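**Q** The sequence shown begins at 1 in my numbering and counts up by one.
Don't take each hint at face value.
[To be verified] For each label pair, taking beta carbons as the anchor points, the in silico distance ranges come out as:
{"hint": "1", "residue 1": "212", "residue 2": "236", "range": "50 to 56 Å"}
{"hint": "2", "residue 1": "186", "residue 2": "39", "range": "37 to 43 Å"}
{"hint": "3", "residue 1": "116", "residue 2": "326", "range": "52 to 58 Å"}
{"hint": "4", "residue 1": "110", "residue 2": "280", "range": "43 to 49 Å"}
{"hint": "5", "residue 1": "335", "residue 2": "233", "range": "34 to 40 Å"}
These are computed hints drawn from the structure, not numbers from a lab. For clarity, every value in this text was computed on a predicted model and none was experimentally measured. Built from N, CA and C at the ideal position, the CB exists for glycine as well.
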Amino acid sequence: MGQDFPVDPIAVYLHNPFCLSLCPYCSFYRVPWTRGAQKEYYELLLKELELWEKRIGRGIEARTIYFGGGTPSLLESQWISELCQRLGLEGKSPDVEVTLEINPIQVTESFLHGLSSTPVNRISLGVQSLNDEALGYLGRRHKGSQVPGAIKLLREHGFDNVSVDLMYGIPLMDVADLQRDLEGLIALEVEHISCYLLTLDEDSTLYAEIERGDSPPLPDSEECRKQYELIIQTLRDAGYHHYEISNFARSGYESKHNLSYWQMEPYLALGASASGWLPPLFYTNPNDLTEYKEQIQRGELMPDAEELDGTAQIDTARMMGLRLLKGIDSSVFEKRFGGWLSDERQAKIQALQKIGMIKWQDGRLCLSDEALFVSNSVIGELL
Numbered sequence: 001m002g003q004d005f006p007v008d009p010i011a012v013y014l015h016n017p018f019c020l021s022l023c024p025y026c027s028f029y030r031v032p033w034t035r036g037a038q039k040e041y042y043e044l045l046l047k048e049l050e051l052w053e054k055r056i057g058r059g060i061e062a063r064t065i066y067f068g069g070g071t072p073s074l075l076e077s078q079w080i081s082e083l084c085q086r087l088g089l090e091g092k093s094p095d096v097e098v099t100l101e102i103n104p105i106q107v108t109e110s111f112l113h114g115l116s117s118t119p120v121n122r123i124s125l126g127v128q129s130l131n132d133e134a135l136g137y138l139g140r141r142h143k144g145s146q147v148p149g150a151i152k153l154l155r156e157h158g159f160d161n162v163s164v165d166l167m168y169g170i171p172l173m174d175v176a177d178l179q180r181d182l183e184g185l186i187a188l189e190v191e192h193i194s195c196y197l198l199t200l201d202e203d204s205t206l207y208a209e210i211e212r213g214d215s216p217p218l219p220d221s222e223e224c225r226k227q228y229e230l231i232i233q234t235l236r237d238a239g240y241h242h243y244e245i246s247n248f249a250r251s252g253y254e255s256k257h258n259l260s261y262w263q264m265e266p267y268l269a270l271g272a273s274a275s276g277w278l279p280p281l282f283y284t285n286p287n288d289l290t291e292y293k294e295q296i297q298r299g300e301l302m303p304d305a306e307e308l309d310g311t312a313q314i315d316t317a318r319m320m321g322l323r324l325l326k327g328i329d330s331s332v333f334e335k336r337f338g339g340w341l342s343d344e345r346q347a348k349i350q351a352l353q354k355i356g357m358i359k360w361q362d363g364r365l366c367l368s369d370e371a372l373f374v375s376n377s378v379i380g381e382l383l
């Protein structure tokens, strides 16, 4: 494995599954927080890192670090610093993007005082909406009025790279409500905005509530399309670079870590339910805290790793690359994977071109604007 491990530096994702409360729409793996359980989990993350160091025969140098969840901001500041240190990072560095997801309600003077001493230099703020009725529907604990104050505090503590998550397709909100959310976030001058359609897995609490008639149903596809088109137009007009289907950034503030995913570069993943890609292996840690603990105590890594053959790698890279609005450079793709498109897929591309869903632009294969809302279906045609 030492020879096969990708050359450092590498993107690293650390998952913290703990939450203070469980949002009814969320289907990610998460568990109720206690300090004792959180501390034990932090020690498991360190142990997993140690196992990787032993396996490859050296320390790991991170190119980007992303603390996701769950609620990763429940990790104590000194723990965050220790994990970053083990990944080759002493203090803040302009060359290493370190992102921490935070909920607005957690942005306090005392929290930021500790966080500002860590290597974290990018904040992903779980805003979701500025509309209190929508926030209540989503089970969020903050109010829309708290968001400007949270961002102001972040600025005062030196955080000049702030991303916010915004949801659309929320019952109780129409296009006019969404427009107010967008204008509010633009006025706050955040560097990055990620916009996600509210979708529900059948095992989510909110899905069950809708099925019982206890909560309003999700809006239809046409309403969601109108909202997505409003997002694109409004944020582009405000000067944001629409660089990925769901992501918009001020120039130079694109998510370096997430670009690793979309460009199918190697990334290491640590923690329960975390997924990593170490070519040709794709792996996911156990989606259960007890199973994850037992795996680490056994000294085992990647217990369910799947080796992707050449065809699977090409399909995955094509699927991820087409999420980027700049699309896929066909010559670079062919050099990397030794293949590009079969005759069958060439024919599918031509058919999609004829109906305006896909285009060639400067040697790159891209989705058209018309295809963005139905991107999963369009990309699926090429797999």
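**Q** It remains to establish, for every hint, whether it holds in the given structure.
**A** Cross-check of the supplied hints:
no.: 1; hint: 212 / 236: 50 to 56 Å; in the structure: 40 Å, violated
no.: 2; hint: 186 / 39: 37 to 43 Å; in the structure: 40 Å, holds
no.: 3; hint: 116 / 326: 52 to 58 Å; in the structure: 34 Å, violated
no.: 4; hint: 110 / 280: 43 to 49 Å; in the structure: 46 Å, holds
no.: 5; hint: 335 / 233: 34 to 40 Å; in the structure: 36 Å, holds
Of the numbered hints stated above, those contradicted by the structure are hints 1, 3, listed in ascending order.
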